[in-house]
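*Asks:* Quick note, the sequences are listed as chains A and B, same order. Numbering-wise (my numbering), the first sequence opens with residue 1 and increments by one. Numbering-wise (my numbering), the second sequence opens with residue 1 and increments by one.
Hints were generated in silico from the structure; no laboratory data involved. Just so it is clear, the structure is predicted and the values come from calculations on it, not from any experiment. Careful: at least some of the hints might be erroneous.
[Said to hold, decoys possible] Here are the simulated lysine to any residue pairs, SDA-like style, with alpha carbons at most 25 angstroms apart:
id, chain 1, residue 1, chain 2, residue 2
1, B, K49, A, V3
2, B, K58, A, E99
3, B, K113, A, I90
4, B, K49, A, R10
5, B, K69, B, I117
6, B, K58, A, S1
7, B, K113, A, L73
8, B, K49, A, Q37
9, B, K113, B, V29
[As the list claims (entries may be wrong)] If you anchor each label on the Cβ, the simulated ranges turn out as follows:
id, chain 1, residue 1, chain 2, residue 2, range
10, A, T17, B, P12, 35 to 43 angstroms
11, A, P85, B, S52, 44 to 52 angstroms
12, A, P85, B, K58, 25 to 33 angstroms
[Unchecked claim] Partial chain A-side listing against chain B, Cβ under 7 angstroms, derived:
id, residue
13, F33
14, S42
15, L43
16, F102
17, Q104
18, G105
Virtual Cβ for every residue (Gly too), placed ideally from N, Cα, C.
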Amino acid sequence: SAVISQKPSRDICQRGTSLTIQCQVDSQVTMMFWYRQQPGQSLTLIATANQGSEATYESGFVIDKFPISRPNLTFSTLTVSNMSPEDSSIYLCSVVRTEAFFGQGTRLTVV
Amino acid sequence: AQSVTQLDSQVPVFEEAPVELRCNYSSSVSVYLFWYVQYPNQGLQLLLKYLSGSTLVKGINGFEAEFNKSQTSFHLRKPSVHIRDTAEYFCAVSDRSRNSGGYQKVTFGTGTKLQVIP
């Protein structure tokens, strides 16, 4: 199993600003995954973060908008940059050990 | 690459009636299959998983699912639902060969909202 601590749990941000979300895993993992869940929708993978290399982004997501850091094998951050109301979502980090384990999510509202 | 199709976006069912939530997947390789549940305003919780062996998998809260390789399906069933089962259910798949090292992402379906009617 894996225990993931994610923070903040929620935030309300002004448009044009940036928010950095942090995830801490209780053990070392090779890859961490960042998902977005827009209101009433399923999970969409944003990017895969591998320690020591640049993150791999899925189609429709770019590094300038969602920069990711992975400084060690237990920690990662996702920044949502230059936010607009369309970025209002729940953001989740995840690790996979056969099944996917998730942080509690960050509920972001952009006003 | 894998994909998951959940044909039913919403399923209303009366309390104590049986329910089946459908899931079909597409993959060129062997897969692991999962069902997750998300209760209102809560995080994702694993209901059950198919890794290998028996094709009938039992999970928490009385749910079970059957893996059908020929039909590439992994439908979720419960013989008698309760009000507390009202939630959104997500079917998910990952590549078995790459999953063991934590390298493989999990791909989620679009979800099925189960509405249990008293």
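*Asks:* Given the proposed pairing of K113/B with V29/B, does the C-alpha separation stay at or below 25 angstroms?
*Replies:* The given pair, whose Cα atoms are some 29 angstroms apart, is violated under the 25 angstroms limit.
*Asks:* Is it true that the CA of K49/B sits at most 25 angstroms from the CA of R10/A?
*Replies:* violated (30 angstroms)
*Asks:* Do the alpha carbons of K49/B and Q37/A lie within 25 angstroms of each other, as the hint requires?
*Replies:* At roughly 22 angstroms apart (the allowed maximum being 25 angstroms), Q37/A and K49/B satisfy the hint.
*Asks:* Checking one constraint from the list: CA of K58/B to CA of E99/A, max 25 angstroms. Satisfied?
*Replies:* Between K58/B and E99/A the Cα gap is close to 16 angstroms, so the pair holds against 25 angstroms.
*Asks:* Starting from K113/B, check that the Cα of I90/A is at most 25 angstroms away, please.
*Replies:* Roughly 18 angstroms separates the two Cα atoms, so the pair holds.
*Asks:* Close enough to count: is the Cβ of F102/A nearer than 7 angstroms to one in chain B?
*Replies:* holds (5 angstroms)
*Asks:* Check the hint pairing K113/B with L73/A against an upper bound of 25 angstroms on the C-alpha distance.
*Replies:* Violated, at roughly 36 angstroms.
*Asks:* Could you grab the alpha-carbon distance between K49/B and V3/A and see if it respects the 25 angstroms cut-off?
*Replies:* holds (19 angstroms)
*Asks:* Does the Cβ distance between P85/A and K58/B fall inside 25 to 33 angstroms?
*Replies:* This hint is violated: roughly 43 angstroms between Cβ atoms.
*Asks:* A range of 44 to 52 angstroms was offered for this pair. Does it hold for the Cβ distance of P85/A and S52/B?
*Replies:* At 45 angstroms between Cβs, range holds.
*Asks:* Taking 7 angstroms as the limit, does the beta-carbon of S42/A come near enough to a beta-carbon in chain B?
*Replies:* Since the shortest Cβ distance to chain B is 5 angstroms, the answer is holds.
*Asks:* Hint G105/A vs chain B: min CB-CB distance below 7 angstroms?
*Replies:* Holds - the Cβ of G105/A comes within 7 angstroms of chain B, reaching about 6 angstroms at its closest.
Taken one by one, the earlier hints fail for this structure at numbers 4, 5, 7, 9, 12, listed in ascending order.
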